[in-house]
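The residues making up each chain are set out below.
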Amino acid sequence: MAQVENPARERILARIRAATRSVPSSRTAPDARPIFAPVSGPLERFRAECAANATECIVVETASERGRALADLLGGIPEGEIFAQDSPKVRRALALSGTRQIRWSSEGAPSENSQAGVTLAEALVAQTGSVVVSTACGGRGASLVPPVHIVLADTSQLAPDLPAAMETIRRNGTLMACSSVCVITGPSRTADIEKILVLGAHGPRRLVVLISRESD
Amino acid sequence: MNAAAEAFLREAAATAANGELHQIVRKGVEHYDAAVERGRARFLDWEAARQRCRKIKREAIDRLDLYLEEFERRVNERGGHVFWAETAEDACRYVTDLAARAGVRTVVKSKSMVSEEIRLNAALETRGIKVWETDLGEFIVQLREEPPFHIVTPAMHLTRRQIAALFREKLGGVQTEDPQELTAVARRELRRAFFSAEMGVTGANFLVADSGAIAITTNEGNARLCSSLPRIHVAIAGIEKVIPRAEDLALLWPVLATAGTGQAITCYNTLVTGPRTASEPDGPEEFHVVLLDNGRSRLLADPEQREVLHCIRCGACLNACPVFRTIGGHAYGTIYSGPIGSVLTPHLRGLAEFQHLSFASSLCGACAVVCPVKIDLPRHLLQNRRNAIAAGLRPAQERTGFRLWRWAMENDRRFTMFGWAARFGWKMARRAGLAGTALDPARRWTKAREMPEIPRHSFRALWRKTHGAG
Amino acid sequence: MKEVALFIPCFVDQLLPEIGMDMARVLQRAGCAVNFFEEQTCCGQPAFNSGYWQDARPLAERFVRVFSRAEAVVCPSGSCTAMVRRFYPDLLAGTPAAEEAKRLAERVFEFSEFLVNVAGVTDIGASFPHRVTYHDACHTLRELGIREEPRRLLRGVRGLTLVEMANAEECCGFGGTFSTKFPMISAAMGETKAAGAERAGAEYVTSTDPSCLLQLDGILRRRKSQVRTIHLASILARTEADGTNSGNQE
Ligand code: SF4
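Chains as they are written, first to last, in this note's numbering: chain A, 1 to 216; chain B, 1 to 470; chain C, 1 to 250.
Honestly, the hints are just simulated from the structure, not real lab data. Some hints could be false.
[What the hints assert, rightly or not] Calculated lysine to any residue pairs in the SDA-like style (CA-CA distance at most 20 Å, straight line):
1. B/Lys447 with C/Thr192
2. A/Lys89 with A/Lys195
3. C/Lys181 with B/Glu37
4. C/Lys181 with B/Thr446
5. B/Lys27 with C/Gly196
6. B/Lys427 with B/Glu410
7. B/Lys447 with B/Leu434
8. B/Lys447 with C/Gly176
9. B/Lys374 with B/Val185
10. C/Lys181 with B/Val185
11. B/Lys465 with C/Phe36
12. B/Lys27 with C/Asn167
13. A/Lys195 with B/Pro455
14. C/Lys181 with B/Lys170
15. B/Lys465 with C/Ala33
16. B/Lys374 with B/Thr159
17. B/Lys170 with B/Thr159
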C-alpha cells in the first residue's frame, strides 16, 4: 500500500508533549493488596466457572479417551464439514471419528457452513473458566465461524488466573508469532433485547472443552 | 440559549414525563445492578482493583506520547498501518479513501463509540458504501435510524415487542417476539454481510503499547468476525486508549466486564497485532489503526480534568445516574451521554454549545462511586460550570442575580432584610391568588411541587426571642 | 461541657427555622452549650454549585472568619457541611484563607455524625411512634460518608419503626438551582423517590438535609400522598411529653 502522508502525527505528538511536560511523576509505592482470592484447585474451579458461563466441560483421563469423547460429540453434530486445526494432536484425536468430512486449517479458512471447529488451546484459565486461543489454533475463524467450537486440552495447560495466563502467553511469544489471540469465556451471547440472555449471537452457540488429565 | 441547549430542554422535559420509558430503563438498570453486585462479590478487594486500574491509566496518560509511539512502532513492524487523525474529518477521510482505493462496497462494523463520534457511517454512505452495524443493539438502532441510547447497551430503551415490529417492517416475514428467535433473525441477516464485506471496522477498548496490539471486547463475537473475515480491518481508537503492557489486561478485562455488565469477564477478549501472517489460514490482508485526537490532546493539557481521559467507556456512570434514568440517552443530543458525556462533550465539541449539560445535574455523586477508574465526575461538572461562567457563556441576568445575591449575603443585616422581604412578598403573592398561576414568582418550583408554608419568623428571630441578642 | 456553634444554612434560617430550633434543643439535651453567631449568612454553596466561584469565594472567606472562634460547628444539612469540609479547599485554594479553612473543615460536623461520633450519643430519649424511612441525602452519604449514624439515632427513638426504601440512596432530585433550572427533570426524580417512600410503607420520610425534605415535601403534597417529611433533628427533639402527632412541614 502507498504510504499516506500524515503530517498530523507530529502535531498531535507535539501537543501531547506540551500538555504532559509539567506532569509530576506519578510513581507511587507498588500496591500489594490482593485483588482476587488465590485459586486453589484449578481444575475444580475451571469446571465450576464453565458451568456458570455455559461452557460444556468434559474431563477424561487419557488422550485416547479424549479422542473417543470427541467422536461421541461429533456423532451428535449434523452432517457437513468439520473444520479442524491441522496439528498432529488434533489429527490423532480425529482419527477416531471415522468418516466425517474434515477440512484442515492447512487447506484454508472454514467454510460458511462448517458444522464444528476443533482446535487446541494456548491455555485454560481456571479463575474465569476461559480458553485462550491464538491464530496458531487453526486461524481466526476456527473458533468463531462454526456453530460449535470444540477445544482439546489437558490439565497441564490450566493457568490459575488471568495474570498467569498472560504470563504464559508472554513466555511463549504468542503475541509475537500470531496476529491474533483471544480469551474466550463461554459461547457467544447477547442481552441486547430486554437484557435477556441469548446464546449464539454471532459466534458459536456451543463451546465444549475436552480435558484430559494426562498430557499427550 | 443555543439550539443544542434548547433541544436538550425540550427532549429532556418530554422524556422526564414518559413513564413508560422510565419503566423500561429502570428494569434494565435493576437487572444490571443485581449483576454488578454479583460481579463485585467475585473480587476480594474491588476498591484495590479500581485503584490499580486508575494507576494503569494514569501511567499511560501521563506519558501518552511515549506509549503511542511504542504502539505505532510495533504495529508497523508487523505490517500494520497507523494513521494519526487530528479531527473527525481527517479520520473519516482516511477510512473512506482507503475504502474507495480498495473498491470496497460493503463494510461490516462492530460497536464503536469513536466511529459514532466521527460519524463514519454517514461518511461511508455518501461514498456509496453500504455499512452494516453488527452488534445486535447497534443493528437495531441502525434500522430505526437513531443513535445508540446508551454507550454499552444501545437498544436499552426498546421492548422486544418494538424490536419485533421493527424487524417485521424492515426485514420482512418475522412473526416472533421471542428474543432468542429475534437474535437468530439478525444473525442470519448479518452472516451474509460478514461473508460479503470487503472491510471490517472496529473500535478498540485498549491499545497495548508493549505488544502493538489492539484489544477488543465483545460478547457477541461480532468484532471478531469484523476483524477476521473481510480483506481489510480498520480499528479506530481515541489516543487515550493506550495502556502500557499486555499484563495490565489481566485486571482491566475483568474490571471492564464487571463495571459494564456485571459479568466476571466478557465472552471474547481479542488481541489483534496485525494482518494475517503467511502461515495463517485466514484473517485480513491489511490492518489499519486510526488514532483519533479530536480534542483529546487539548483536554490532556488541562491538569484539573486530564483524568477524564482515563475513562474506559464502561457505561457504569450512565446506569448510576438518576438524570440519565429520567431523561434517557437521546435527550442529551450527544454521542456520549450520562455523566461522562456531560463532562466530556464540552471538551470535544465546545463549551459554548454544550455547557448546559454540566448544569443538568443534581451533583448527587452516584457516578463517582461506581466509576471503575475513579474519575471524580461531579467535580468535573463543577469545573465545567465554573469555566462556562468565566467564559461569559451564561445569561447576563443570572450573572447579575448572583452578584446581587452575594452583596446581600455579605452582610447579615442585609441578609435578614432581604429574607424578610422575600417571605413577605411570597405571602402577598399567595394572598393575591398568584400561587400556581403564570405570574407566580416561584412558578419554576410550583409547577410540579408545593411550596412549604412560609414561617412568620426566621430562625434568628426565634433565637433572639428565646436566647436574647447574640 | 462541649461548646458548639450552630451553622444554620440560609434557607433553614428563612424557610425552616424549626429545624434549627429542634437541633439546638437536641444538642442541649446531649449536654452541649449551644451558640448562634448572628453574623453568619450563607456558606456560598448556591453560587459555587452554579459556577460563580468569584461570588462564592468572599462568602466562604466570610464564613471561615465568622466561625474561626468556634470550637465545634454543627449543621443540620449534610450538603452545607460538605461545602465547608469538602469544597472549601477547592474554592479557597491559593487564597490567604486556605489554611484557616482547612483547620475549620476539621471542626465542622453534620448533626447526626456529631451526635454519634463526637458527643457519643445514640439515644437522646426521644419518642416518635411512627413508621419512618430514612433518605440518604447525597452529600451526607457520598461526600461525607455518613450512612449508619442517622440510622443508629433513629433506632434509639422510642416507638419508632425504621423501614428502608429500596431506593434509599437515590437522589431526590433537588440539587439546588438544578431544581428550578430543570424543573421537569428534578420533579420526575422526586416522583421516583417519593414512590419509593410510599412503597416502603412509611408514614414519614426523614433525612439529614432540609433541602431534600423541601423537595420531597413539595412532591408528596402535590401527589396527595399520605407520607410526610420530617427532619432527623425534629424527630429527636420529640419526647413522650410532646404527644404523638406533628412533623415540621404540616
Ligand atoms: S467515566 Fe467511569 S463510569 Fe463512566 S463510562 Fe467512563 S469509566 Fe465508566
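Query raised in the report: Among the hints numbered above, which are violated by the structure, and what are their numbers in rising order?
Result: Hints 2, 3, 6, 9, 10, 13, 14 and 16 contradicted; others consistent.
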